[in-house]
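Student: Spelled out from the first residue to the last, the chains are:
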Amino acid sequence: MVSDVPSRARRMPGLAIPHRMRWPLGYTAAAVLVFLAYYYVIPNLGAGGQTFFRNWLPLTSINEALVWVICALGLNIVVGYAGLLDLGFVAFWALGGYTAGWLMSGFFHQVKIHIFGGATATVPGIHISFWLVLLIGAGFCALWGVIIGAPTLRLKSDYLALVTLGFGEIIPQVFTNGDNIGGFNLTNGSKGITPVDPIGIGSTRLGPFDLVWKYLIFVLIAAVVVFITLRLRDGRLGRAWLAIREDELAASMMGVPLMRTKLSAYAVGAVAGGLAGVAFATHVGGVLPDRFNFSISITLLAMVVLGGMGNVWGVMLGALVLAWVNSTGLPQFGSSFNEEFGTNINFPSYNFLLFGGILVLMMLFRREGILPESRTRLVLHEPSRTDMESLGADMEAPAPELDESASLKTAIAEGPVIADETGTGTGMGEKV
Amino acid sequence: MSGAGGVIETREPMLELDEIHVYYGNIAAVKGLSLTVYPGEIVTLIGSNGAGKSTTLRAISGLLPVRRGTMTFLGRQLNGVPDHEVVRRGIAHSPEGRRIFPRMTVDENLDMGAFLRKDKEAIAADREMILELFPRLRERLDQKAGTMSGGEQQMLAVGRAMMARPQLLLLDEPSMGLAPVLVDVIFETIVRIREQGTTVLLVEQNALAALDVADRAYVLESGSLKLHGPADELAEDPEIVKAYLGG
Chain A
1 MVSDVPSRAR
11 RMPGLAIPHR
21 MRWPLGYTAA
31 AVLVFLAYYY
41 VIPNLGAGGQ
51 TFFRNWLPLT
61 SINEALVWVI
71 CALGLNIVVG
81 YAGLLDLGFV
91 AFWALGGYTA
101 GWLMSGFFHQ
111 VKIHIFGGAT
121 ATVPGIHISF
131 WLVLLIGAGF
141 CALWGVIIGA
151 PTLRLKSDYL
161 ALVTLGFGEI
171 IPQVFTNGDN
181 IGGFNLTNGS
191 KGITPVDPIG
201 IGSTRLGPFD
211 LVWKYLIFVL
221 IAAVVVFITL
231 RLRDGRLGRA
241 WLAIREDELA
251 ASMMGVPLMR
261 TKLSAYAVGA
271 VAGGLAGVAF
281 ATHVGGVLPD
291 RFNFSISITL
301 LAMVVLGGMG
311 NVWGVMLGAL
321 VLAWVNSTGL
331 PQFGSSFNEE
341 FGTNINFPSY
351 NFLLFGGILV
361 LMMLFRREGI
371 LPESRTRLVL
381 HEPSRTDMES
391 LGADMEAPAP
401 ELDESASLKT
411 AIAEGPVIAD
421 ETGTGTGMGE
431 KV
Chain B
1 MSGAGGVIET
11 REPMLELDEI
21 HVYYGNIAAV
31 KGLSLTVYPG
41 EIVTLIGSNG
51 AGKSTTLRAI
61 SGLLPVRRGT
71 MTFLGRQLNG
81 VPDHEVVRRG
91 IAHSPEGRRI
101 FPRMTVDENL
111 DMGAFLRKDK
121 EAIAADREMI
131 LELFPRLRER
141 LDQKAGTMSG
151 GEQQMLAVGR
161 AMMARPQLLL
171 LDEPSMGLAP
181 VLVDVIFETI
191 VRIREQGTTV
201 LLVEQNALAA
211 LDVADRAYVL
221 ESGSLKLHGP
231 ADELAEDPEI
241 VKAYLGG
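Protein chains in written order, with my numbering: chain A, 1 to 432; chain B, 1 to 247.
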């Protein structure tokens, strides 16, 4: 695991690569390797090899998985860092997607706006460059993150989850039914907005088969999100999020302004959701409201939990694996299985059975995820003494006088023994 | 330790509560409590369970609203100041039940205590001072706070509050659930904290130990002030001895 805890670096003094540079180098190396594989190696494989990759690991499934990675990293900020359970994260994915739909298509045929757009200058509609739309989508979603976050500020745990769930349902519904808002067609209803302009780099336009280049762009966006996530985590804001996750009241007593800190978690998380939305719209070439349903929120959450809540690399792994299983692994396994045994089972329709099963097993045997956040691992496996002892302390509270005299006696009895014990450094009389 | 009361009271008060009323919903937990803390003092609030001691501290640090009455800290009104602003004003609160951040290391917990401060050098100096007060914490700097014993967590909670470099430190039941030897350590530390210039308002059920270190004491009974005075006098008051000191 590439961890960024500074103490790690202290413990590995002989490392030649500076700690700060480790993940960017590793990430770039992995990305370039995949790029080279799909650009040079696979096209030159024999027919068998090509078929294998086309069936089991097509580049389009990797691209889609990267979109999931971007979005899951955003959810990780809200859930993993700040500890705010969000069951409606699909809302931001949808908002980002529709930003791309509105600003990169001929949908608003009433106007003709071209800003470095990916379409011929004569066609109507709003055609803004993909890169600008990324920024606009991010900003738009940050705003919505705050709007959606604000009513949840005073809520905790279950209630918070329910309100976010509500927003996750409302926003896709608005898009589905938004084809006649006082006579104005905002979203084109259930037909969605297609096609979305291709991504433009300079004067070239990426067509539907330029998957390798789209891959590079998505990898770049994911890298930016990883960078922002890690930088924020190690900064002042990250510490404030962490403190809120650990103990909201205590955090507030340390001077952490709860409202602002929570809203910034929603906003930053939503930025990643928006980036994923814009990327996804260009990946599939359009936006359709029925793609943004509740199951997306759940899948995102499963990615975060499965990978390792709070750990960027764990979340990335979780997202890559689950997205691949969903889009390629399971259908391909199904068709191979059916071919082999002459059965006719619809494997992809069992994906949630599979995910649910995996989650149950994870919760039973590895609650902290595949690649856990380093601080979680320890505490989950060595049961926290806080819970036990604060419970004990509460139980002692009702009878203070009794407790007082009893403990005075033990003090006299154990006094010398404990005084000698300083070297062992444990909790003295508190040992269980 | 005590007995300096007469001299101190001629000074400007640091904290002044004037007839405050604090409610949990419709239930009055503190009814018209008045209390004064002067700079450099250790003042203790004693009383049985449910007397309103912790409630008073929570009201001061902005965790609970004060329905009537006024609170003044260093000449400025404290009513309605949100909890994260109260720290900025110079009041740190080491809460009941310790409430350390379990998945953060001891070092990170201390760091959180100084969340609002930007003076890096002074923070480092205060950290050093706290680690001298609690040598046990220095041994455990890289340990996750949640895996420490209750006594160590209590030390951390007090140390973390001190990291805010407060002028007034509110301590809520620092001895609760601790082994007697650790209780002594905590109370000795409270005296040393005062020696370093921090005023302390201490809530304790362990009235004996609290009266021993405090200059003055307020005795609360079901949300109201029963009596107050120099700690050494109260420690000999027959009624107090009977009610709170198990005499």
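Calculated from the structure, these hints are not laboratory results. Idealized CB from N, CA, C, for every residue including glycine. Hints are not guaranteed to be accurate.
Between beta-carbon pairs, the in silico distance windows are [as the list claims (entries may be wrong)]:
1) B/GLY75 to A/VAL224: 48 to 56 Å
2) B/ARG11 to A/ARG260: 35 to 43 Å
3) B/ASP142 to A/SER190: 20 to 28 Å
4) B/SER48 to A/ILE228: 51 to 59 Å
5) A/HIS109 to B/GLY25: 52 to 60 Å
6) B/PRO65 to A/LEU155: 41 to 49 Å
7) A/TYR159 to B/LYS242: 45 to 53 Å
8) B/GLU132 to A/ILE358: 48 to 56 Å
A partial selection of chain A residues facing chain B, derived with a Cβ cut-off under 8 Å [to be verified]:
9) LEU165
10) GLU169
11) ALA243
12) MET253
13) GLY255
14) VAL256
15) ARG375
Student: For the range 52 to 60 Å, tell me whether the beta carbons of A/HIS109 and B/GLY25 fit it or not.
Tutor: holds (58 Å)
Student: Are B/ASP142 and A/SER190 spaced within 20 to 28 Å by their CB atoms?
Tutor: Distance hint for B/ASP142, A/SER190 is violated at roughly 56 Å.
Student: Check the following: the C-beta atoms of B/SER48 and A/ILE228 are separated by a distance inside 51 to 59 Å.
Tutor: Taking Cβ atoms as reference, B/SER48 and A/ILE228 lie about 53 Å apart, which means the hint holds.
Student: Do B/GLY75 and A/VAL224 keep their Cβ atoms within the hinted range of 48 to 56 Å?
Tutor: Roughly 50 Å apart at Cβ, these two residues keep to the hinted range, so it holds.
Student: Is the gap between the beta carbons of B/ARG11 and A/ARG260 within 35 to 43 Å?
Tutor: holds (37 Å)
Student: That 48 to 56 Å hint for B/GLU132 and A/ILE358 (C-beta), does it hold up?
Tutor: holds (50 Å)
Student: Holds or violated: is the Cβ of A/ALA243 closer than 8 Å to a Cβ in chain B?
Tutor: holds (5 Å)
Student: Does A/GLY255 pass the interface check with chain B, least Cβ-Cβ distance below 8 Å?
Tutor: holds (4 Å)
Student: Taking the beta carbons of B/PRO65 and A/LEU155, is their distance inside 41 to 49 Å?
Tutor: violated (19 Å)
Student: So, as I understand it, the hint says A/LEU165 touches chain B; can you test that by seeing if any CB pair is closer than 8 Å?
Tutor: Status violated, d = 26 Å.
Student: Using 8 Å as the Cβ threshold, decide whether A/VAL256 counts as touching chain B.
Tutor: Holds - the Cβ of A/VAL256 comes within 8 Å of chain B, reaching about 6 Å at its closest.
Student: Using the beta carbons of A/TYR159 and B/LYS242, state whether their distance is inside 45 to 53 Å or not.
Tutor: At roughly 47 Å between Cβ atoms, B/LYS242 and A/TYR159 fall inside 45 to 53 Å, so the hint holds.
Violated hints, listed in ascending order, are 3, 6, 9, 10; each of the other numbered hints is respected by the structure.
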